[in-house]
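Protein sequences appear in the order of chains W and L.
In this text, residue positions in the first sequence follow full-length UniProt numbering: the first is 1, and each later residue adds one.
In this text, residue positions in the second sequence follow full-length UniProt numbering: the first is 1, and each later residue adds one.
Just so you know, the hints here were simulated from the structure itself, not pulled from any lab data.
Take these hints with a grain of salt, some might be off.
[As the list claims (entries may be wrong)] Distance condition first, Cα-Cα at most 25 angstroms in a straight line; then the derived SDA-like pairs of lysine to any residue:
1) W:LYS147 with W:ARG44
2) W:LYS224 with L:ASP71
3) W:LYS224 with W:LYS327
4) W:LYS74 with L:ILE130
5) W:LYS90 with L:GLY63
6) W:LYS279 with W:ASP262
7) W:LYS191 with L:ILE130
8) W:LYS74 with L:VAL188
9) W:LYS90 with L:SER323
10) W:LYS147 with W:SER27
11) W:LYS224 with L:THR322
12) W:LYS279 with W:LYS358
13) W:LYS219 with L:SER323
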Amino acid sequence: MLRHLRMTAAAGLAAAMSMTASADEISFTDHEGRTVSLARPAERIASIPIPMASTLIAIDGGTERLVGMNPRAKSAILEGILGEIFPTAKDISSDITAPNFIPNVEELAATRPDLVIQWAGRGPDYVDPILNAGLTTMLISYGTEAKTREYMTWAAEAMGKPERIAALIDWREQVLQEIQSKTAEIPEEDKPSVLYLLRAQEVLRTSGEEGNYNAFYIKLAGGKVASASLPAGWADVNAEQIAAWNPDVILLNSFEDELRTDRIYNDPILGLTNAAQGKRIYKMPLGGYRWDPPNQESPLTWMWLAKLLHPEIFQYDLREEMKKAYKTIYGHDLNDEQIDTILRVETQGEAADYAQFKAE
Amino acid sequence: MSMTETAGEMPRPSLARIGRRIGMFGSLTVALVVSMVFALSAGRFEISPLRLLEIIHACVSNGFVVANEIDARIVLLVRLPRLLLAALCGGALAIGGTALQGVFRNPLVSPQVLGISQGAAFGGALMILIGYSGIVLLGAAFLMGLVALILVGFIARIDGRTEVLSVILSGMIVGALFAALVSILQFVADPNSSLPAIVYWLMGSFSTATWERLGMAVPGLALGLTLVWLLRYRLNVLALDDMEARSMGINPERERWYIFAAIALMTGTTVAVAGVVGWIGLVVPHAARILVGEDHRTLVPAAGLVGAAYLVFIDTLARTATSAEIPLGVLTALIGAPVFGLLLRRHFREANRA
Numbered sequence: 001m002l003r004h005l006r007m008t009a010a011a012g013l014a015a016a017m018s019m020t021a022s023a024d025e026i027s028f029t030d031h032e033g034r035t036v037s038l039a040r041p042a043e044r045i046a047s048i049p050i051p052m053a054s055t056l057i058a059i060d061g062g063t064e065r066l067v068g069m070n071p072r073a074k075s076a077i078l079e080g081i082l083g084e085i086f087p088t089a090k091d092i093s094s095d096i097t098a099p100n101f102i103p104n105v106e107e108l109a110a111t112r113p114d115l116v117i118q119w120a121g122r123g124p125d126y127v128d129p130i131l132n133a134g135l136t137t138m139l140i141s142y143g144t145e146a147k148t149r150e151y152m153t154w155a156a157e158a159m160g161k162p163e164r165i166a167a168l169i170d171w172r173e174q175v176l177q178e179i180q181s182k183t184a185e186i187p188e189e190d191k192p193s194v195l196y197l198l199r200a201q202e203v204l205r206t207s208g209e210e211g212n213y214n215a216f217y218i219k220l221a222g223g224k225v226a227s228a229s230l231p232a233g234w235a236d237v238n239a240e241q242i243a244a245w246n247p248d249v250i251l252l253n254s255f256e257d258e259l260r261t262d263r264i265y266n267d268p269i270l271g272l273t274n275a276a277q278g279k280r281i282y283k284m285p286l287g288g289y290r291w292d293p294p295n296q297e298s299p300l301t302w303m304w305l306a307k308l309l310h311p312e313i314f315q316y317d318l319r320e321e322m323k324k325a326y327k328t329i330y331g332h333d334l335n336d337e338q339i340d341t342i343l344r345v346e347t348q349g350e351a352a353d354y355a356q357f358k359a360e
Numbered sequence: 001m002s003m004t005e006t007a008g009e010m011p012r013p014s015l016a017r018i019g020r021r022i023g024m025f026g027s028l029t030v031a032l033v034v035s036m037v038f039a040l041s042a043g044r045f046e047i048s049p050l051r052l053l054e055i056i057h058a059c060v061s062n063g064f065v066v067a068n069e070i071d072a073r074i075v076l077l078v079r080l081p082r083l084l085l086a087a088l089c090g091g092a093l094a095i096g097g098t099a100l101q102g103v104f105r106n107p108l109v110s111p112q113v114l115g116i117s118q119g120a121a122f123g124g125a126l127m128i129l130i131g132y133s134g135i136v137l138l139g140a141a142f143l144m145g146l147v148a149l150i151l152v153g154f155i156a157r158i159d160g161r162t163e164v165l166s167v168i169l170s171g172m173i174v175g176a177l178f179a180a181l182v183s184i185l186q187f188v189a190d191p192n193s194s195l196p197a198i199v200y201w202l203m204g205s206f207s208t209a210t211w212e213r214l215g216m217a218v219p220g221l222a223l224g225l226t227l228v229w230l231l232r233y234r235l236n237v238l239a240l241d242d243m244e245a246r247s248m249g250i251n252p253e254r255e256r257w258y259i260f261a262a263i264a265l266m267t268g269t270t271v272a273v274a275g276v277v278g279w280i281g282l283v284v285p286h287a288a289r290i291l292v293g294e295d296h297r298t299l300v301p302a303a304g305l306v307g308a309a310y311l312v313f314i315d316t317l318a319r320t321a322t323s324a325e326i327p328l329g330v331l332t333a334l335i336g337a338p339v340f341g342l343l344l345r346r347h348f349r350e351a352n353r354a
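Just chain L, with the same shape it has in the complex:
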């Protein structure tokens, strides 16, 4: 199987394989660009494609100063930051999920499994309840995501060692704890003011996207993505069992924590700027695996592209389908759950045949 064969000495890829790979990444990039162009032109406020080009041209030729017309502002101050934020978060969540599934050698894990999402959700919800928003809310969400991860580390570390199973179980414990804390916040929240904001935010949404918010998300996401990118070779090794990995001179435990930190960073940041966006980290890695196979050197960037295009598309649907915004979490689950079911059936059918 490709996973083991790519783990050790990497065989030189043949020309045909390189060609196929370029074709695949080319079409994934095209898909992402198409979904972004679609997102830029679609919306409740009607703007013709010609006018869209005019707006972009005017903006570029004026030194990126946004004109005072409402349609120009909608394109450049609402849709553009929103689709970029959705793309970035989609890519980060998908890559986080891919990395996590690799590390755990388990296709059913996602950032929710480590309790990071729930921790971040608690941090953010607490700030809404106290009455803070903006950068304080973002900071709290990210910090509590990290706290959740550190808690998982403490609980899972037994006699100086951390095993995969104990990490998963610790993640469940920490996740349940933070989910309960979020419930307490919802219980005491004012139904007239803070409660609707908390509930809405827990369902996930990019409706509050601005350039400023995008700017807040970029450092965390970029750092996390870079870390996973640098470790993409190691992901193949970490997908082996610990004995084999150690025999290759790698400290799997330490490497795993690097990956976890990167995932905490990406998940915490996403929750901070867009609420809890479920299912991306679980479903997209599978789709990417079908397209490019198991090798993390190609799987990681492929998952990133698919995740970005997918979330941009879903978010466009959420904000344009009806005059009321459809909560993002509802759409990702509605589309993600059946797709995941299909993938799972296919996975087991192939496993049975093999």
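Okay, chain W solo, but in the shape it has when bound:
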């Protein structure tokens, strides 16, 4: 009798446990169509793509769960404002991969991650070693706003913090709708043509429109993509080709640290484009992450660009918006000096319409 009772109790307990397990179990389909399952929220996450590390810190509101990241992600965090907000980031391992995204599996396994995040679409060499080590892996790709929201949502779910991501996604949608409703009314001929340069120091590199996030926000902010005639993907172009496009605005990437707007103003050809003549060359800001690719701060990128392309239409106070956003995302109160650094107020020179971003 006692034994029977014990068995029933054990069975009941097992059933109850499996019930809680299935209730807690996290499952989603990643960007390569694989099912990613976690028995419980991941306490330890290693991220191989560069921007993802800052996104994870943002969603978690701290650095505790990030156990490994790309060395370049670490340098970006330590040199930028994120390292100021979260000084503990410097203790996180960056030996799990070389900058080239090929995992160092033993280092990776040594961080004992519950979840590894890796790029999708780069082939089995980037993924199989991680899977062979028996580690749960989520593969992500970017290029569109939809994908960004997807991987941010999965990351939040994996950490058991879906409520954190809802606020961030709502914010993205709300800002997107607001900007879109205003740019929809701008006639085509009033939209400036905008060229984003991913590289400009040695080579001039840009992209066509398809699957390109920069093209997405240029159009969102009421601009035309100057390099739209290029096929999808990054390509090197020459100064002559840029002169033929003759963009009204040039956006310089935030990746090349040494790159300044002088590079364009002093160029014998690029210095004669509408953009240079109109002093409309801007270097992308560097916040919690670089503002060029999709990230947790993207709506700020959109607002910044919308205000630069159509200052008469968009009336946001960007500095206020940044303070609000940093409070929500990182729990941090931005001061004026930090905002100036992020927006590169000092180094943009006398760029047109940039005075609107200065502190009053």
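We have chain W already, so just place chain L on it with the hints.
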């Protein structure tokens, strides 16, 4: 065969032969001029031929001051230095290849064989990684090209003598070493900033050509070209075997190192200003040999003209065919490899018949 007969006492060329030679060099020069005019007028920014003439006329009559209009600047500050740099590098690479093939009596060698290109590539890539550009990058590329050559010299010199075979093998060793060093740089490079620049530069491109850069390239290339030009008679002798050459009172080893130094200078400088431009030094000497024969006194200038015209044409294609620039190395290999294959088949067919 002409190579041996021209080596010793040179027979006086007949009038008909001189006439043929003038005709040949005349048409090669015309081909070079045509490719340069084509390069000047072709581009992504449309400039009509009439406007082109206007621009050139205005520039000349204003004492070579470039007007502030964008089309004038494109012609005079982008296309002109670029096509001149391409012509100069094409000529130098072709002449370097010709000289090297003569010295080694081997039609399959090129500056890559001595490891010079790889050495120069390492020097340049290292500077990109550290964050230097411009003259520092050029200097490092050239210096590392020379270091590669000196290393080859050290390894190849056994018991005070340097044999052709040991030079080729040493070149392969040094080339492999520097190729590995370049790979290490690519491995540690930041995919966000320095890596794309290194990769792009290793594929070769004249897109960064300016008058300033042309000015940086001229001394090295001119010195190298002059050296090969002065030694063009000796190349015929060096193409014989060492015993014969020594019997004619020439120290083949010393002469060979002069040629190597000239080639290092030209290859290092080219890599420094345009990255690794492959295939020119291998393919062009063959084309030139078909046109003018084996005598280096005519082969060297012919290869120079063909190389210059060829690279100007290829570079024009690279920058105009699509809105994105096609990497130069891709085009030179795509065109060079099949042409080389054809030449090789023809070479062996003739050798079999003989």
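Given pair status - GLY63 of chain L, LYS90 of chain W, alpha carbons within 25 angstroms: Status violated; Cα separation ~60 angstroms.
Hint consistency between LYS74 of chain W and VAL188 of chain L [alpha-carbon to alpha-carbon, up to 25 angstroms]: holds, 15 angstroms
Under the criterion that the straight-line Cα-Cα distance not exceed 25 angstroms, is the pair LYS74 of chain W, ILE130 of chain L satisfied? Judged against 25 angstroms, a Cα distance of about 19 angstroms means the pair holds.
Check the hint pairing LYS224 of chain W with THR322 of chain L against an upper bound of 25 angstroms on the C-alpha distance. holds, 21 angstroms
Run the distance test for LYS147 of chain W versus ARG44 of chain W: straight-line Cα separation, threshold 25 angstroms. Holds, at roughly 23 angstroms.
Take a quick look at whether LYS219 of chain W and SER323 of chain L sit within 25 angstroms of each other, Cα to Cα. holds, 21 angstroms
Does ASP71 of chain L lie within 25 angstroms of LYS224 of chain W when you go C-alpha to C-alpha? Judged against 25 angstroms, a Cα distance of about 24 angstroms means the pair holds.
Given pair status - SER323 of chain L, LYS90 of chain W, alpha carbons within 25 angstroms: Violated: LYS90 of chain W and SER323 of chain L sit about 43 angstroms apart, past 25 angstroms.
Restraint status (C-alpha distance of LYS279 of chain W to ASP262 of chain W at most 25 angstroms): The hint holds at about 11 angstroms.
Could you grab the alpha-carbon distance between LYS191 of chain W and ILE130 of chain L and see if it respects the 25 angstroms cut-off? Distance of about 40 angstroms is beyond 25 angstroms: violated.
Going straight from one Cα to the other, do LYS279 of chain W and LYS358 of chain W come out at no more than 25 angstroms? The given pair, whose Cα atoms are some 17 angstroms apart, holds under the 25 angstroms limit.
Agreement of LYS147 of chain W and SER27 of chain W with the hint, judged by alpha carbon distance not exceeding 25 angstroms: holds, 17 angstroms
Consistency note: the structure conflicts with the earlier hints numbered 3, 5, 7, 9.
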